[in-house]
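Asker: Respectively, the protein sequence lines represent chains A and B. Taking my numbering, the leading residue of the first sequence gets 1, the next gets one more, and so forth. Taking my numbering, the leading residue of the second sequence gets 1001, the next gets one more, and so forth.
Rather than coming from a laboratory, the hints here were simulated on the basis of the structure. No residue lacks a Cβ here, since even glycine has one placed at the ideal position from N, Cα and C. Hints may contain errors.
[As the list claims (entries may be wrong)] Sample of chain B residues facing chain A (criterion: CB under 8 Å; computed from the structure):
(1) F1034
(2) E1238
(3) S1242
(4) P1245
(5) I1247
(6) F1251
(7) I1258
(8) F1263
(9) W1287
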Amino acid sequence: MARHKGWAGRPVILSCDPASAVAGDYSAICALSHAGTWFEETQQPVVEVSHLERAQKVRQADIIGRLREIVCWLEAEIHTPPPVILVDCNGVGRGVFESAQAAFKENVVVGFTATGSQDGLSDRFDQSLMQFYASKLQHLSGLNAAAEAGRLIIPANLAHGPSLEAEARSLSTKISKSGRILIDEPNSTFSEFDDIVNSVSMAVHAADTVWTKANIARMRDRWPDRLTTNVEVPIQ
Amino acid sequence: MNVPAQPIHPDKNHGLTGYLRGLRDPVAWSGQKFPGLALDRWQQHALRLVADPPVDAITQALTNLSCWRTSRQMGKSQTSGLALAWFSCNKVPIRQIKIPGSPPRREVTDLQPTCAVFAAGVRQAEKTLAYGRDFLTAADIGFEQSSSDRIVTESGSKLLALPASSTARGETIQLAVVDEAGHLEGGGEDVTGVIFPMMSSFCPSSTHTILASTPGNPQGLFYRCVQDPQKMRCNLVEASVSENPRITEDFLSQQRAILSDLFFSSEYCPIDAETGAMLTDQPPEFWTDGRGLFSISALKASVTDEVEALGVPSSPGWG
Chain A
1 MARHKGWAGR
11 PVILSCDPAS
21 AVAGDYSAIC
31 ALSHAGTWFE
41 ETQQPVVEVS
51 HLERAQKVRQ
61 ADIIGRLREI
71 VCWLEAEIHT
81 PPPVILVDCN
91 GVGRGVFESA
101 QAAFKENVVV
111 GFTATGSQDG
121 LSDRFDQSLM
131 QFYASKLQHL
141 SGLNAAAEAG
151 RLIIPANLAH
161 GPSLEAEARS
171 LSTKISKSGR
181 ILIDEPNSTF
191 SEFDDIVNSV
201 SMAVHAADTV
211 WTKANIARMR
221 DRWPDRLTTN
231 VEVPIQ
Chain B
1001 MNVPAQPIHP
1011 DKNHGLTGYL
1021 RGLRDPVAWS
1031 GQKFPGLALD
1041 RWQQHALRLV
1051 ADPPVDAITQ
1061 ALTNLSCWRT
1071 SRQMGKSQTS
1081 GLALAWFSCN
1091 KVPIRQIKIP
1101 GSPPRREVTD
1111 LQPTCAVFAA
1121 GVRQAEKTLA
1131 YGRDFLTAAD
1141 IGFEQSSSDR
1151 IVTESGSKLL
1161 ALPASSTARG
1171 ETIQLAVVDE
1181 AGHLEGGGED
1191 VTGVIFPMMS
1201 SFCPSSTHTI
1211 LASTPGNPQG
1221 LFYRCVQDPQ
1231 KMRCNLVEAS
1241 VSENPRITED
1251 FLSQQRAILS
1261 DLFFSSEYCP
1271 IDAETGAMLT
1281 DQPPEFWTDG
1291 RGLFSISALK
1301 ASVTDEVEAL
1311 GVPSSPGWG
């Protein structure tokens, strides 16, 4: 019987970067959990990449089905509060986001729309639309900053941990003719992907916004039985 | 930047000598008018270049273009405001008259200088102009007009806040300050074509253009001035964070934790690619093409075997 130390009841963001069922790239899912501590200098949460998985050529309904399986397992077995579900809303993700809103009535479902901004001035969370707006450059830079600050934890036995590193290594900047910083997107035709790193960095961006100390305190009031730390939970 | 410190002698700041010195030297002038103001060495050097630009060794022309490449929080806007205030109070436009057959003659004009701040947005230009207004007010200079984007002093000098776009046309100016010149759309090349024709041709030796910015876009006039100041006949002033006593190690560490390497190295100081150390004695860098977005060493350092991954049960097709 495996045991997960300190895992009971931590808030989780389940982030999904869906891909087309006919395209060659992957749909990726990341479970990001709050490590229970804070990076004091910026008051941002220390986060753990607790799970990563991906699949090729899956339909929209299959993505929703898989998200449902993970949500049920997290709540029933790990006793987390209902995970926040975050879906990349660009392209095919829009349909997955709308389906998730209809399918998960007990969870907060949030969309993530990538903008063209490079200075972060247009980054915002629109509560009425339940949408994050941020440029890809900003949220990927945010993930790097989290790693630099030492507030990102990646378990050594994480499946796709090496893929996360490989994808991060392949991402670079390019300067457009008009002087904007762009991401040099990987070419999926040549088996270059960024789905894993994208799902993780969206989740970290959302965590930095949503998991403030005040919000975590509110969650603890709401789920006092679940938000306890340092409890060993038996896993079959 | 190796600029010798030139302390202001207290005796030289008063009386007629001090007054005459202030006419020529903005550092001495600020010492007289704002005794509590401490200017860093780069600020003193930059201001003196505006007041007394050197002569180009090859062309024998005045290098009346300055380029200030500094990190954030170094006081660029404050220095720009001081330059605006000093220029509008003390700079007397001098006209050079050339008559065929006789040596050129220099003649003092009765013009009053017009100074303009250009920035990507008028709001940003107004912010720098506000520094100029504060300095003029502190120096007891009266205003005939004062609004957020326009100041006319009692002596007739004009200070304007203008957008760095083609709509700025129509003024003749003696001092142009282009704020955040390294971050203008398209490198600011189209804006250059608007600003430089506005510089007064009546008394060109009394005009000056300042490009002040943190580095960003690796194209455009600001970039070219930094890359080859000699070819551009430009006075390049560079300042690193180590020259600013107000920027502490803690502040830099906090910024490093928030910003990515790309932005940190263009806003504050470069980062050593191998060790990850902050090179605080070097000025910030321009963005580079093909630069990796992630610090792989930091990502590797995030991997630990002290925590376990969640064992989410697998599902067909997912892995």
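Asker: Work down the list of hints and note, for each, if the structure agrees.
Answerer: Evaluated hints:
1. F1034: Violated, because the Cβ-Cβ distance from B/F1034 to chain A comes to roughly 33 Å (cut-off 8 Å).
2. E1238: Status violated, d = 21 Å.
3. S1242: 21 Å, violated
4. P1245: Hint violated; B/P1245 Cβ to chain A Cβ min 21 Å, cut 8 Å.
5. I1247: 16 Å, violated
6. F1251: 10 Å, violated
7. I1258: 6 Å, holds
8. F1263: Because about 7 Å separates B/F1263 from the closest Cβ in chain A, which is inside the 8 Å limit, the hint holds.
9. W1287: 6 Å, holds
Taken one by one, the earlier hints fail for this structure at numbers 1, 2, 3, 4, 5 and 6, listed in ascending order.
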